[in-house]
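Novice: Start from the sequences and build out the full structure, keeping to the hints where you can.
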Amino acid sequence: MGKIAWVTDSTAYLDEDLLNNPDVYQVPMTIVLDDVEYLDGKDLTAKELYEKLKSVKTPPKTSQPPVGVFMELYEKLEGKYDLVFSVLISSKLSGTVASSVQAAQAVNIPVITIDSKTLTYPLTSLLKRGIILAEQGAEAEEIKEQLEIIRDSNETYVMIGSLEQLHRSGRMSGLQFYLGSMLNIKPIISIEDGALKTKEKVRSDKKAREKIFEYLKASHKKFGVSEVFILYGLHKETADEWQTQLEGIFPDIRFFSCPIGAVIGVHAGEHTIGISWNTFKK
1 MGKIAWVTDS TAYLDEDLLN NPDVYQVPMT IVLDDVEYLD GKDLTAKELY
51 EKLKSVKTPP KTSQPPVGVF MELYEKLEGK YDLVFSVLIS SKLSGTVASS
101 VQAAQAVNIP VITIDSKTLT YPLTSLLKRG IILAEQGAEA EEIKEQLEII
151 RDSNETYVMI GSLEQLHRSG RMSGLQFYLG SMLNIKPIIS IEDGALKTKE
201 KVRSDKKARE KIFEYLKASH KKFGVSEVFI LYGLHKETAD EWQTQLEGIF
251 PDIRFFSCPI GAVIGVHAGE HTIGISWNTF KK
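Read in order, the letters of the sequence shown correspond to residues 1 to 282 in our numbering.
Under the rule of at most 20 Å between Cα atoms (straight-line distance), these lysine-lysine pairs were calculated in the PhoX-like manner:
no.: 1; residue 1: Lys-281; residue 2: Lys-221
no.: 2; residue 1: Lys-128; residue 2: Lys-3
no.: 3; residue 1: Lys-61; residue 2: Lys-92
no.: 4; residue 1: Lys-3; residue 2: Lys-80
no.: 5; residue 1: Lys-199; residue 2: Lys-92
no.: 6; residue 1: Lys-57; residue 2: Lys-47
no.: 7; residue 1: Lys-47; residue 2: Lys-236
no.: 8; residue 1: Lys-206; residue 2: Lys-217
no.: 9; residue 1: Lys-206; residue 2: Lys-236
no.: 10; residue 1: Lys-211; residue 2: Lys-199
no.: 11; residue 1: Lys-197; residue 2: Lys-207
no.: 12; residue 1: Lys-197; residue 2: Lys-92
no.: 13; residue 1: Lys-61; residue 2: Lys-42
no.: 14; residue 1: Lys-217; residue 2: Lys-207
no.: 15; residue 1: Lys-222; residue 2: Lys-281
no.: 16; residue 1: Lys-211; residue 2: Lys-197
no.: 17; residue 1: Lys-144; residue 2: Lys-128
no.: 18; residue 1: Lys-76; residue 2: Lys-3
no.: 19; residue 1: Lys-61; residue 2: Lys-47
no.: 20; residue 1: Lys-217; residue 2: Lys-199
no.: 21; residue 1: Lys-201; residue 2: Lys-211
no.: 22; residue 1: Lys-42; residue 2: Lys-52
no.: 23; residue 1: Lys-221; residue 2: Lys-211
no.: 24; residue 1: Lys-128; residue 2: Lys-281
no.: 25; residue 1: Lys-281; residue 2: Lys-144
no.: 26; residue 1: Lys-222; residue 2: Lys-211
no.: 27; residue 1: Lys-3; residue 2: Lys-144
no.: 28; residue 1: Lys-281; residue 2: Lys-217
Read the hints as simulated data drawn from the structure, not as lab findings.
Specialist: Here it is, written out as structure tokens:
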């Protein structure tokens with residue numbers, strides 16, 4: 001099949017293995033704070049973002065990488081690789097997939113763009129699985145097919161950390177924000193077919209956590225979940241607490257945690273936390 005370049009966007013969490021992989025490339029999203037643009041992961045860390053959000057005067061925004069950025073990258077990869085796999089944030093959450101598809105039509109190297117229908121570490125897990133499959137000798141179409149099967153088996157449930165941030169970034173109406181704040185409502189957000197859905201609304205962090213744990217219990221009973229990703233905003237200590245509790249309840253599941261990153265943090269807030277897993281058996 002030849003040599004493959006792996007491309008993703010900055011909502012994906014790159015661990016040490018991926019950061020040190022010379023065939024992995026990450027295209028940054030853009031964060032706009034008070035009319036100043038920052039490239040995610042390059043100009044602004046998640047910690048710096050959350051500090052700046054406390055004093056911004058206008059609603060923060062995020063934007064997808066433009067077509068030209070993908071074109072420039074793909075053209076650079078033409079001489080070094082035979083094929084590009086781009087595994088990107090859900091097309092229902094960003095136009096990043098569309099940018100990649102459009103850029104691919106203007107370059108000479110073949111590009112396979114995968115709509116992950118997710119973000120953060122669930123996206124990362126697809127990228128890592130694709131690399132493993134390629135190393136095992138799988139053909140391009142086989143890799144694409146398996147990644148899409150895994151993608152469609154994902155379950156993600158998140159407790160939003162800041163209704164105010166969700167409102168300011170344009171993802172929640174003023175009335176919803178007012179009522180949610182007055183009633184101390186904690187929405188549990190799920191990702192279904194690549195889109196954000198309000199799964200449930202509860203009245204405390206504790207109840208939200210219990211509900212999310214119940215979702216995992218039901219899925220584990222039905223499918224036998226083997227690993228779970230704990231997703232958090234800024235506060236790893238909270239993720240560690242969740243992990244300790246989850247390991248006590250599910251001793252046969254492997255848990256690990258990772259940050260959701262700055263782009264997602266713009267909308268969700270620093271206290272966001274949730275869990276995600278794939279039910280597909282490798």
